[in-house]
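Produce the entire structure from the sequences given, and follow the hints as far as they go.
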Amino acid sequence: MEELLGQSFGGYELKEIVGAGGMASIYKGYDDKLSRWVAVKVVPIPAAEGGEEVMLERFRQEAKAIAALRHRNILTIYSYGEERGWAYIVMEYVPGGSLKDRMVARPLFTWQEALTIIIPVAQALAFAHQRQIIHRDIKPANILMPQDDWPLLADFGLAKMQQSSGNSPNLTMPGQVLGTMAYAAPEQIAPEHAQGLKIDSRVDIYSLGIVLYELLTGKLPFKGDNAFDLLMARLIDMPIPLREANPNVPSIFSAILNKALAPEPNERYQLMDDFAQALSKARQELSQSVVTPLPGQYHLIPQPEEPELKIRLRVTPSGQEILASGQTELIIGRAYKSMAPDVDLAPYGGSKAGVSRRHGRLIHREGDWLAE
234 MEELLGQSFG
244 GYELKEIVGA
254 GGMASIYKGY
264 DDKLSRWVAV
274 KVVPIPAAEG
284 GEEVMLERFR
294 QEAKAIAALR
304 HRNILTIYSY
314 GEERGWAYIV
324 MEYVPGGSLK
334 DRMVARPLFT
344 WQEALTIIIP
354 VAQALAFAHQ
364 RQIIHRDIKP
374 ANILMPQDDW
384 PLLADFGLAK
394 MQQSSGNSPN
404 LTMPGQVLGT
414 MAYAAPEQIA
424 PEHAQGLKID
434 SRVDIYSLGI
444 VLYELLTGKL
454 PFKGDNAFDL
464 LMARLIDMPI
474 PLREANPNVP
484 SIFSAILNKA
494 LAPEPNERYQ
504 LMDDFAQALS
514 KARQELSQSV
524 VTPLPGQYHL
534 IPQPEEPELK
544 IRLRVTPSGQ
554 EILASGQTEL
564 IIGRAYKSMA
574 PDVDLAPYGG
584 SKAGVSRRHG
594 RLIHREGDWL
604 AE
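If you number the sequence shown the way my numbering does, the last residue is 605 and the count never jumps.
It is possible that part of the hints are untrue.
As the list claims (entries may be wrong) - Derived DSSO-like pairs: lysine-lysine, alpha-carbon spacing no greater than 27 Å straight-line: (1) K431 - K492; (2) K248 - K266; (3) K514 - K452; (4) K431 - K514; (5) K297 - K333; (6) K492 - K452; (7) K492 - K456; (8) K492 - K333; (9) K261 - K248; (10) K514 - K492; (11) K456 - K514; (12) K333 - K266; (13) K297 - K431; (14) K456 - K333.
What the hints assert, rightly or not - Across the chosen pairs, the derived CB separations fall in these ranges: (15) A586 - K514: 35 to 45 Å; (16) L556 - P474: 50 to 60 Å; (17) T349 - G457: 23 to 33 Å.
Everything labelled a hint here was simulated from the structure, so no lab data went into it. Quick reminder that beta carbons are idealized off the backbone N, C-alpha and C, glycines included.
Structure follows, in structure tokens:
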């Protein structure tokens with residue numbers, strides 16, 4: 234949709250295409266009022282009812298789903314609108330690409346790196362599930378990575394209310410398969426789904442388990458020469474044993490992933506929070522493993538502490554000053570619940586000005602402070 238470049242929706246000018254899929258295109262847009270970049274997801278409004286009307290209703294549902302979820306690891310939505318034959322969602326812009334981009338560059342992750350990503354995503358999904366929202370399309374492309382240790386769950390286009398009211402539309406057509414095949418749970422692709430097989434939050438547990446398996450092994454847990462073979466393997470075969478795919482993975486993850494990837498939903502973790510806690514416990518146990526040193530005498534060499542650095546910030550136009558101190562990097566943003574940045578701008582009008590939870594960084598390098 235190149236023709237939309239340069240146009241404005243809701244006051245946001247579309248500057249650059251950054252992604253596309255199905256009917257939707259995602260643009261990098263600019264907010265003149267708050268001087269910030271945003272992501273604008275745009276779809277055409279169909280002139281007649283039919284399959285496209287269902288897609289538009291999913292798009293509206295995505296906006297409502299994300300707007301209802303305020304969590305550190307879920308992409309923030311700013312607004313929704315429909316104008317001039319187009320519907321759009323305005324979201325926070327996240328530089329850094331997706332987990333999929335990182336996996337293309339480096340397919341294999343250490344268990345520490347994998348858990349740094351998967352545990353926060355599991356906690357974000359548990360938060361969504363507690364509010365009766367199922368994602369149904371967990372995959373690396375839908376996990377954004379603004380920083381190595383900060384994943385953001387995005388794209389709730391297939392989200393479903395777990396206990397929807399009688400007035401809510403059924404957005405799954407009979408026999409329709411939702412979610413990306415490589416990460417979909419068996420019940421999402423089984424023939425029984427055409428006859429109304431219930432899809433619940435356990436599909437997200439299965440899909441996130443596949444993402445973790447792939448991070449640890451660099452491979453998917455099923456074999457197949459083509460898409461059909463992979464599809465059938467999901468319904469017939471058990472996953473390839475974790476340590477067969479990568480013998481260097483700690484054995485503690487085998488039992489965890491065997492349970493998460495159980496073909497029968499009743500044999501999996503029943504709650505995403507249980508899956509997250511199992512992974513957190515595994516990380517704690519592995520981190521506490523201590524290698525016993527060989528007999529002998531050892532002397533600890535004290536390491537010099539980094540000096541505490543100070544910086545004075547001036548808030549415009551009020552002229553208020555903020556004195557901050559720390560090491561070589563400071564996070565600037567807005568406090569949210571128990572999470573607080575090094576420099577909290579909320580008391581200085583940050584919320585009104587549109588400051589996000591992690592708005593930027595100050596980095597001390599070669600005697601100067603750099604803003605990022």
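Okay, the hints, checked on the actual structure:
For a cut-off of 27 Å, the pair hint linking K431 to K492 stands: about 20 Å separates their Cα positions. Straight-line distance between C-alpha atoms of K248 and K266 comes to about 16 Å, which keeps the hinted pair within the 27 Å bound. Taking the CA atoms of K514 and K452, the gap is about 24 Å. The hint holds against a cut of 27 Å. Restraint check for K431 and K514: the C-alpha separation of about 31 Å exceeds 27 Å, so the hint is violated.
Distance check on the hinted pair: K297 and K333 sit about 26 Å apart at the alpha-carbon level, within 27 Å; holds. A C-alpha spacing of about 18 Å is found between K492 and K452, which places the hinted pair at or below 27 Å, so the restraint holds. Distance check on the hinted pair: K492 and K456 sit about 19 Å apart at the alpha-carbon level, within 27 Å; holds. A threshold of 27 Å between alpha carbons decides the hint, and for K492 with K333 the separation of about 24 Å falls inside it, so the pair holds.
Proximity of K261 to K248 is assessed by CA-CA distance (about 6 Å); at most 27 Å being required, the pair is judged to hold. For the proposed pair K514 and K492, the alpha carbon gap of about 15 Å is at most 27 Å, so the pair holds. Distance check on the hinted pair: K456 and K514 sit about 30 Å apart at the alpha-carbon level, beyond 27 Å; violated. For the suggested pair K333 and K266, the alpha carbons sit about 33 Å apart, so the restraint of at most 27 Å is broken.
Restraint check for K297 and K431: satisfied, since their Cα atoms lie roughly 22 Å apart, inside the 27 Å limit. A hinted pair counts as satisfied when its Cα atoms are at most 27 Å apart, and K456 with K333 qualifies at roughly 20 Å. Distance hint check for A586 and K514: the Cβ-Cβ separation is about 41 Å, which falls inside the suggested range of 35 to 45 Å. Range check, L556 to P474: Cβ separation about 56 Å, and the 50 to 60 Å hint holds.
For T349 paired with G457, a C-beta distance near 30 Å keeps the hint of 23 to 33 Å intact.
Of the numbered hints listed earlier, those contradicted by the structure are 4, 11 and 12.
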